Amino acid sequence: MLSNITIYHYLLLAFILFMTGLCGVVVSKNVIKILISIEFMLTGVNINFTAFGLYCKNLAFDGYIFALFCIAIGAVELAIALYIFYAMYREKQTSEIEDYGDV
Amino acid sequence: MVKDLFNIFMPYIALVLAIIFQTIFGMLRLHSLVFKYKDINIVISNTISLISIVAAIFFTLAASNNYAGLNYSIIMTPAIKALSVLVLIVGLITVLLNTNLLRENRQSSYKYHVLLLTSLLGAILAISANDFLTLFVSLEALSFSLYFLIALPKGYTSKEAGFKYLITNAVSVSFFLFGVSCILGLTSSLNFSEIAHILQSEHNGIIYTAASIMIMIGLLMKLAIFPFANWVIDVYNGCETSVLNFLSTVPKIVVIGVIIRLLSGAASYSVELNTIILLLGLMTAFWANIYALKENNVKKIMACSSAANAGYMIIVLSVFSAFAASAVIFYLICYTFINMGIFSYLNLIEQDYKNITLDKLSSNTSIPISISFVICVLGLAGLPVASGFAGKIFLLYSMLQSGLVFLPVMLLLLLLFVIALYYYIKLIRGIIPQNTNITKGVYPQNPFIEPVLCMMAIITFILGVMPFSLAARCLLFF
Amino acid sequence: MTQALVFYPTALIIMVFSIIAILSKKIVYSLICAILVFMASGVIFYVLGAEYNAVIQLTIYGLAVPVLLAMAIMFTDVKNEKRAIITGARRYIILTSVVLIIMALVYLVAIGVNITPEHTFSPANTNLNHFRIFDAITDGFFSTYLAAFELFSLLLLAVVAGVSDNAK
Amino acid sequence: MFDFSNILSLPVLVFMPLVFGIIIVLPFFPNNDITIRRFAKGCIVFQLIYSLLFWIFYDKGFISVYSLDWIKTLGIKFGFVMDELALVVSILTTVIFTFAAVMSKLHIKHGHKYYYALLLFFETTILGIFNAADIFTFFLFWELELVPAYFLIGYWGEGSNAKKSAMKFILYTFIGSLFMLVGLIMLHYFNFLSSGSMNGQIDMYNLDKVGTNLQILISVLLLIGFGVKLPVVPIHTWLPDAHTDAATPVSMILAGVLLKTGGYAIIRFNLQVLPEAFQIIAPILAILALINIIYTALVAYAQVDIKRIVAYSSISNMGLILLGICSMNIIGLTGSIFHIVAHGIITAGLFVICGIILLRCRERDINKLGGIAANMPRLFGFATVIILASIGLPSLAGFIGEVITITGALASDLSNTMKLTALLALPVLIVSSCYMLKFLHQGFFGAQGECNPSADIANHEFLVLIAIVVILLILGCFPASLINIIQNLNIIDGAVAW
Amino acid sequence: MSEFFRDNIVWIILYPLWVFLLIGAARLFAVRMSKKLLTSITLLGSSFGIIFAGGTLVNTIQGGASEILFTFIKVQNFLLQIGISIDTLSAVYLLLLFIISFFIQLYSSSYMRQEPKYYRFFAYLNLFNFSMGLLLVSPNLFQMYLGWELVGLVSYLLVGFQYINPLKSIASVKVFIINRIGDTAFLAGILSLIYIMWTYSSAQFVTLDFSDFNLISSVAYAHTNNVTYFILCLLLFFGAMVKSAQFPFHTWLQDAMNAPTPISALIHSATMVAAGVFLTIKLLPLFTLSREVLIFIVILGMFTALFCSLCAICQDNVKSVLAYSTSANLGLMLAAVGYGNIDLAVVFLIVHGFIKAALFLSYGMINNEYCDKRQIELSPSFIVGAFALSGLAFAGLNCKELFYDTFSQNVFLTIEFMLVTFMCAVYIFRLCCKYPFTKLNRFHFVEQISVWSFLLIVIAATFFINGSQLGFPFWAAFAGAITAFVITIKSKDSLLGSVTRICKEGFFIDRFYSRNIYSIYGKIANLVNKIETFISNNKILFKIAKYLVKTAWRIEKYIFELPVSFCILCTRFASKELEIAQTRNIQTYIAYGALIIGIIFTAVMLTYSFIINTLGGIG
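In order, the protein sequences belong to chains A, B, C, D and E.
Going by this note's numbering, the first sequence opens with residue 2, and the numbers climb by one from there.
Going by this note's numbering, the second sequence opens with residue 177, and the numbers climb by one from there.
Going by this note's numbering, the third sequence opens with residue 790, and the numbers climb by one from there.
Going by this note's numbering, the fourth sequence opens with residue 9, and the numbers climb by one from there.
Going by this note's numbering, the fifth sequence opens with residue 29, and the numbers climb by one from there.
Isolated chain A (complex conformation) (with noise of 0.2 Å):
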């Protein structure tokens, strides 16, 4: 059982890293925590795009293509997202998400 992998180690695998890449989100103190975080969740989605992209009769393989448009738009994201924070923290010389609480 254990020898024969199948789709569902994988799903199983990407909803793991989905979950902790979560609970990064919610406890993380510092910005950059998060947004590696939330990577790990496109990370976790991506895995699972993969694996449906493989073990699914969809010929045209859309997981595949799916999954390389969200690894691009995630490294877009983030790429913003640190560009906002260091805009941010020009102003408040801080990398705790709990300061920036201000509005």
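It is worth saying that the hints were derived from the structure and are not from the lab.
Please read these numbers as outputs of a predicted model, since none were measured by experiment.
Note that CB positions come from ideal geometry on N, CA and C, so glycine has one too.
Hints are supplied without guarantee of correctness; some may be wrong.
Unchecked claim - Partial list, computed: chain D residues near chain B (C-beta under 7 Å): (1) Ser75; (2) Ile79; (3) Lys80; (4) Phe182; (5) Ile183; (6) Leu186; (7) Ile193; (8) Tyr197; (9) Leu201.
Given the coordinates of chain A, assemble chains B, C, D and E onto it according to the supplied hints.
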């Protein structure tokens, strides 16, 4: 392909051309080479954007109804057309109102236009997208540009608002993607039509509902639906009004349009999903209305109102029927115009005050302006003469049509309208001039604001008094 | 069997290091762990037959993103995190996540015992022809997902425009 | 020969005040208080004359219709219709607005332009309610009336917390009207299901195929809306506050006309459209009406604020009107409509008196008032007549309404509850005389109180009061003049025919 | 000729109304009008009234007449008409009304000459004439109710005439409200009767004409059980009871004594209060069918007579004594009506009216409210009236004898009647003994005319009424008079100085009225006084009413305002909580969001699976 071009892509191409032109123009700083006048770059880029948006509106209207392109990944129906035009109109108005924003950021005027046009492009593409990938990318285009637009004004608060919007969106998009991946696994397809076709023939288990809910979370977070609604207050508060005008309407139009399509196709076969959406809508409306009661800051009140209105629409959408969809679209149209009116008034005030509280609302005493504002607020409150009244009647009627089961929901909805009335009246009360010294701002006024506001009030009034033509049109959509 | 031999260590790396990345107090450690997780997921992609995804994952998440993050850490002079006090709803969300993960594990074990053909996803093509996959992907990019693809490029342009001016 | 009835047009009747109101607000209009006041007064008097023309050219079976497509897909029209009931209440409206406009002279001290514009707008909305032919037209005006009412109460109020009261009024009414809206929509929809055609006209509804339970549901939903306006006891608490805090002319309108819209609507909808359901609800409603009558009369006695006393007496009288409607026969209905008119005039008169006292004495606490009779004998005379009318003395209008109403309830065939209710409602004659005479003798009698009223009534107040007294006397001595008009009403035939 | 009077009596009844309106309009528009003119037009009305009523009386001896003037209300089968109907009774009563009115108006012109509100007073007098006329000539019960209410109104207005005095104004309110109770019951009775007739009679319209009353009563009696019929009759009789100041409601007459004395004479002793007797006579066809009602009327009347006489003995105030006496005598009249002797009741009504009016007037003549007088004095005419009232002489004597004859069949009634006669003499002569007599001056000339006219009428009536003999009532009255003397002398406050002293020295009297007997008398007086104060303060009623009002107000404040305050509280609480949730930290938002959506999801899924498992699916 040529036919495709004319039927679907011409609006996009108009916008894309404008984006490219703006980028080149701005990045190379051509304006400073050609013109010496300080504000001329703002004028030029405004003009280009306006022309492109008007062209896009024109092309959208000219496109044929009912067309699908790119292997059914993009489609065009009358409803989509209407919503696209609505989005473009919001873009147009936003461009007209941007003086305050750009005055402080003269250098980044082109940046503003590129981002605005990109988000418009993303928005209209998202409305007509027929598969999840296109939808995902266009939604991201919309929100990425919005991150920048929110963070664009100088100062810390706008940055924080942008950052919060970003984090919320990133998490919600992750949920959305997870859901989409599950749907992909279940149906082996990303295309809405195919998914609907497959789901009709297959049994839907808990995984399906969970996946749909995750997709919905991704979408509803943009609407500020209850458990994910708190961001809306912080973000609106830190947002500049012309951007807010955009933020409070465009994502709403897009997401409602998408949800209508999803529910009418793929996801309408799950009672659980509809129930959850209904519950979320009700909770949102309660949360927003109650939160707004004690609020004194107009932007925060508008944030709550925005969430509450999204809640009403979601409630009606959950009892999905063709009539309900038409009613929601009608309501959405009314709401958009009202919202634009209100934010243009706030824009007028924001010239003088950064933090708009209720007692500062009356700083401008011009009578037609005040009356226009009052008409718009009446529209939000759903009192007659303004379009919100007709919209609410349509919403309720569609609930009734879906069966007597929804009578309690209808009554709850009514209760919500009443609670909402309380803070809308506070707004109206705020507009009545007190005996305070009126301090006019140092800046020259944006000449577009007052005409825009009056126009919105007139539209609201006309839609309120004679809703029939538009309503009839909306009924034909489905 | 070879799949299993690759899968389990990689999965273990992903799980362990992702948790370490979240729990570690030093932000640099988190970054390193994150890099490990991203790379390991690249391996997973490879195992799943998506070489292109794997390559892109490794280049973007393995190189570009860590560099970006490292620069951000450098620029922002990040201090080590104080001990996280997890309160309120956050505590419950962690609890729920853990419970959900355990439930999923149990579910998998239960299913793994009685996997029936109907419930099993099988690979779409047993003989994976990598060129065929490549064809399919490019075909998708330039026919069905053309709009998305183009829009993505415009998105990049907009982001560049957005970032360019003020990030001195 | 020129036929005068050709100039009678319902849209003109309804919208004329609005047009005048807009003219006042327009920027070119002189911003002179006196000019504005005279112009507005002229408009309202003109409106009165115009509405009286409808009465003069009234002949039996007279129905004037005006209709325009509004929302075609739902069969909703924008239409007006005037039958005898609408005629009677419309004239009541114009009369009371005339009184209110005349009384505004001393009571309104700021914001003349907007005050008079809103007053005219208010008149339009109320006339719209009374003459609406279509349920959505009706609802439109019903909601619209909140806007001027809110501002008139809140911004020209005499009380210290006028704005709060206005808000309370708005919220109560709005809650009610939303329930009503559900009811109306259901009515419309089930009419469509039952008759197969979308139709919004009030007199065309046909719910034969709709189950009784559903009809009751609709009827109850509508009643919640109307009950707030009427008001029925558990949901009446907005009324004393609003009436107390509003300026006197506004109080006159509120009590004289606005409450009557509730009674009117119950007759129009619950009785005319949903008679079967109302047949079942009526006995229960009659008990509520009884509570209304007796309970609020008792509460009125506990009040010390003169305007509150009058406000509670209004509730009590509205209960009587409700009782008459509940009896579901010609006598009761005639009594109700008669009492609608009579009480409208009486309560306007009472508020005029309160207003004059407030203005002269700057005191509204009944314990601190006193001795007005000695200083203002003319006011005292009028007050005596109006108060006597309000406690139902024969030869004045109030008595006729009360007697016919109670007789109608007694003659009701619905159930024995109604008869018992009718007899139990009679003690209101005693209780009402208690609180009203308390008002009279504490306010007017006795040695001179703390306040020192300086002057007797002014000329314009005199005119209003004499008009009120004359109307009360005419209605009280020759009630047949009004009853004969009401008798021709079609609803009444319907009520018997079911 | 007499037909002319009969047919035009309606103008005579309407004339006072016009005068009233004329005065009102004149005052309203501040037109000056001389007092003489005013008095003369008023007197003109009354004098013509006397002529017409007399003429009509002559005519009606041959038979009555009735005529419908106009339809007041006509809704479906609810028909109320205003008309005029004259029979002997009403003609006699009208005559009484106009005669007394005439002289009292004359009297008032002198009495009220210092009153600044002279015009108003005369306007009210005219209004009274009109409303009383309306009541008397009413062809149906409903019109009678109209008049009934109107006379009540006039009474109220006149009691509160000196409203500057807060005590008087409160008294007027009390008078009105107690009258109102009776009126309401009366109205309830009328409406019930209408309802019964609608249900059971074949007639299309129920007008409640007095001419139809035989039919009406038979129908009503046939279709109701005994209790219902009794209650119905009682409701109707209630009106009469209150108006005639019978036992539990007699207190309003005391309050009514706050009115100017001419009014006490006109309204509160001679005419209006006797309307109850008039109504009872009119409704007798209804009452006779039920023995219980008649018994009730007799018992009530006799009891009131006894009770009020007892009360009167204890009073010191002349007007109060007279008021109690009025109640007592009206009780006697009602008892007579209940006993079936209508003629006696009517005769006594007239005689008593004149006597009482004369008594009041002669008291008021001296003790004018407008003169500042410290001490109460009486005029000689008062003693003449006292003789008549007590039954020692003149028409009073005749009536008492007739009463004795009527009641002689029943021992209890006879005894009671004797007691009443005895006490009547006691209280009236006690007054005569207590207060000194005074000389009249020329200012009282006009007043004297009125008083002596009344007394002359009474004296003249002696010769027209049968039964002038010195029977038991005379002796009872005589004994009463003696007792009064003795009591007055015994008590030290006597003002008849010399006589008092002589009697005091006579030891046999001292012995006779030993301390014990005297204290018994004192105790009874105290007891009666207690009951009286208890009733007159309306303690129970007041307490109940107060409690009701308080409770209602509390409900109003605490319960019906509850939704509002509850909403406010809830909203406050909720918005506070929401404020806490709005932490401004984006992580908490996400955390709460994820948690809540998880809970909702789980709950909904569980609910639906439960529904599907238990109900086997929805569709």
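For each hint, the structure was consulted:
no.: 1; hint: Ser75; result: 14 Å, violated
no.: 2; hint: Ile79; result: 4 Å, holds
no.: 3; hint: Lys80; result: 6 Å, holds
no.: 4; hint: Phe182; result: 5 Å, holds
no.: 5; hint: Ile183; result: 5 Å, holds
no.: 6; hint: Leu186; result: 4 Å, holds
no.: 7; hint: Ile193; result: 5 Å, holds
no.: 8; hint: Tyr197; result: 5 Å, holds
no.: 9; hint: Leu201; result: 10 Å, violated
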